[in-house]
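Line by line, the protein sequences give chains E and H. The first sequence finishes on residue 184 if you use the numbering used here, and the numbering steps up by one all the way, no holes. The second sequence finishes on residue 391 if you use the numbering used here, and the numbering steps up by one all the way, no holes.
These are computed hints drawn from the structure, not numbers from a lab.
Straight-line alpha carbon distances no greater than 30 Å define the calculated DSBU-like cross-link-like pairs of lysine-lysine that follow: (1) K390(H) x K11(E); (2) K117(H) x K9(H); (3) K238(H) x K328(H); (4) K78(H) x K164(H); (5) K390(H) x K15(E); (6) K390(H) x K147(E); (7) K238(H) x K9(H); (8) K15(E) x K31(H); (9) K76(H) x K11(E); (10) K31(H) x K76(H); (11) K155(H) x K15(E); (12) K164(H) x K390(H); (13) K164(H) x K147(E).
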Amino acid sequence: MTSLSNLVRSKGDPKIIRSGPSSLPASDRMARNLGWFSIALGVTELVAAASITRALGMPGREGLVRSFGLREIASGFLSLSVDKKAGLWSRVAGDLLDLAVLREGLRGFNPRRSTVSTAIIMVAGITVIDILTAKAAGAVHARSDLKPADYGRRTGFPSGVTAARGRAAESFTTPRDMRAELPR
Amino acid sequence: MRALVWHGKEDIRCDTVSDPEIEDPRDAIIKVTSCAICGSDLHLFHNLVPAMMPGDIMGHEAMGEVVETGSGLNGKLKKGDRVVVPFTIFCGECEQCRRGNYSVCEKSNRRKDLADKVFGHATAGLFGYTHLTGGYPGGQAEYLRVPFADATHIKVPEGISDEKLLFLSDIFPTGWQAAVQCDIQPTDTVAIWGCGPVGQMAIRSAILLGARQVVAIDCLPERLSMAQAGGAITIDFKTESVIERLDELTGGKGPEKCIDAVGMESHVSMAQPDTIMDRAMQMMMMENDRPHVLREMIYVCRPAGVISIPGVYSGLVDKLPIGMAMNKGLTFRMGQTHVNRWTDDLLRRIEEGQIDPSFVITHTVRLEDGPEMYRVFRDKQDSCIKVVLKP
Ligand SMILES: NC(=O)c1ccc[n+]([C@@H]2O[C@H](COP(=O)([O-])OP(=O)(O)OC[C@H]3O[C@@H](n4cnc5c(N)ncnc54)[C@H](O)[C@@H]3O)[C@@H](O)[C@H]2O)c1
Ligand SMILES: [Zn+2]
Ligand SMILES: [Zn+2]
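Isolated chain H (complex conformation) (with noise of 0.2 Å):
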């Protein structure tokens, strides 16, 4: 089959490899018959994410059809059957996964051994990730092998065109639940930093949440232009001031909820001077991650507010002020997604007409071409905010 395949730094290819088989009697194989390339591939496109190996297969956003079962999946999964893959793979009976935390299974990571040190303890497995999450093959391919297959699925209806179900994987929840670690109120204001495709479905999931105003920060117009299309105010951080208008917004009191929908690849630039000694530290291996968006959400945020940062971080960041948050009481939550947490409240919801997530796709590619649109994507060119390969 052909598949993306990770060689090295900003060096991916649409490689053939061979065809994924069944392992474990909860496996189930997967014909792809739509994908999608994430903000979070762009840190593996980097390399700022550890532990990636040539020859990985990347992509975490999948669906297709089910071609092949294991046979211990318990009926609960057949061929035939059309379901969406969420990123995080999971087991379904470990005592996280029984209180919803499916980020941290304590069973689906096979790397157990190399997280656990690198972790403290071990997260769950994820599909086209690093081997800290048991380097799983990805679902940027034709075919997709799923570990616990009889949990880690979400069935889906026939009749709905993928591209509004696709989300379901990854970014739908995950900007829900960035939006609902905010326990948003009818008073509050939330603020968004980063208008790509997370950032998106934070401000769609906020709205729906009942915020007061949502207020949407990035710095190239198309994305802002989605940002406003969704209802949320929108500040460009290169011609204004974020903290002076987020204040502005909320009679000077900051924002009570700050999502952080950027994570480690912050824009660097001179307006922000942090931003440049982050880069010359990250390219020095002196720290891991640019924080700026970390630091200027503490700044801004109302004391005894909340911190929600779906954004991904991979390691050690430097001038975090802990202190600044300390003082004010902040509240932070984060994490990779618990998908399935949330994959049925929202598949009704789309059901329902409430939202439709096809909103942001702006590029439907051959998987062929995907190479080529993941540099597209990184480059921020073509106005591409989301990209669906169809293998």
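Next comes chain E alone, as it looks inside the complex (with noise of 0.2 Å):
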């Protein structure tokens, strides 16, 4: 990827030599792996429905695997975008949905009960990852609690403001470009 970036620059300009240490905290990056995941399995559940009850011995809920295939793309997205703690919680609340309706085939009689089973406890498991993902990146990327800096001394005038108003109003004429006012 380096040496690809450097062959579009111009003999003068400056090549990558060494990379160092990147903006992104292993939260973000975290959240990157989760919301390609959450594409991934998304569009699996999109194109692959059939296969997925099947697995599950839950036939019938195609329509709704296919419902939860668009949401996890959803989430993917978010969670890839700047606003990525947004997509991080509604990943955990897709989690929850998940687990509710794998309990489902649980009850009665289930020739696939035990891939039922792994499944819950994958889902499980990344949902403590997703909170703990969530959290994270929420504590990165939070305003402290501490009280926001007064900065009412810095008038950035040295004689004060009662003194700058109007000062450069004589010394300065508008250009005839940026004219706004017509003559009274």
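Combine both chains into one complex, guided by the hints.
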């Protein structure tokens, strides 16, 4: 990637020799991984809904699986975006929905019971990861609880605001192309 | 040398890169003594401006000392000169430059082919910005190659600190041009959306230019306190109605002059449902920018008033009430700043003590801490308003 990007530079442009640490904190990297995971899972749910319901012994729920696929894709995009916190919490909400539906697969007689149990364990594991990542991302990006600074003395005017009012008006004429006032 | 390099969305790294080299007789190389992070850099950080490429060096607010010169500078610049580098690269001789429209110089964009296709007609080259503006390596680095250096520089005297001079590169002239474009009269109310560094400079400029009242709008207490210090009446848009307060302050008539110092990333909140719509559309690539502030300005502006837009927009926006603007007869003025059109005058005002732009600096750090500071500045942590980097 690095060497590829060097190709488009002109002769005298600086080119990357060695990369340093990134501005992306660990939680954001994890959010990205989860985002891509969401999208991949969502696409699978969309195109292979029938295989999924078969594997889980829950025929007739293909529509539901596809709608969950759309949900996963939306969460995925949100987790990849700047609003990753919203994306991650939407994943958590989705995980809970998944778990609720999977529990139905344990009711009554289901020859695929063990597959459902495995799925539940996996989703539960992912739920934990989602919650931890969402919390970490929230903490990394939060404004601190400390009182915001008071910059009330940073006037920018060495002789104070009162002296500054209109001080440039006499010595400045608006250029012709930027005038707006009609003659009074 | 070391430089802050864009690797993708929210991914900036302090990399080791090769030193820049003179390519053209009109080039010069500057050893950077101070540079800053700008709100525009955040749009790049968020990958909202098209045509960034991994490996692009960030930064367009830099100053330093000339250490190498091309053979074609005609004595306009020599080794050892202390210069501030304007973020708009300009040739100084094309038709637009002769008019002082430096940010739309016809010659300085080396990706004119690309820009002509996207914008209809190319605009000037900019440092540390998209390849639509030439993809020139930026100034958040130890060294910076300045193209068209015989024109593209602001010579500054010794004996004044970097901190007082650095912002001649961008935000001071940007705030100034935003106010000048309003052609401020002593009877005017000037409303300014956004109290980031650009908004702060616009407030000071409007005060200096003699506005009757300056009203500043934001939601961050530390930024509002700095706005107030500069002489503005403040509105916290999270707790007050912007429209009601502005009408109240203008006897129900609305401000004559409105300045958008926010740009494409207007705050998203439940209180402003259109911003949620915009965020969703932006994510689905149905819209590039979130124009909440433009909508609000057009609505509240006094008929026959002026809308001045220094805030950066990148492409298409949705639901812009152009009918309202047309019927109210509003004047729109906008653009990347024609930096050098103002800097001689502004340098004099700094020297005379009319203004000291260093008031806006809240953080000064080493270049290596740059990637972390992008995040702090973006997340508005630690009451951060302006970050200066020392390479
Ligand atoms: N025209 C130019 O040449 C030029 C030069 C420099 C910067 N800019 C642009 O100016 C804009 C501001 O730059 P900055 O460095 O001050 O950035 P910044 O991000 O620090 O400041 C933006 C401020 O706007 C506030 N804001 C967000 N939504 C708002 C709303 N709905 N109403 C009121 N305030 C709101 C934010 O809280 C923030 O304080 C950016 O778009 C930047 O790209 C333009
Ligand atoms: Zn800038
Ligand atoms: Zn030119």
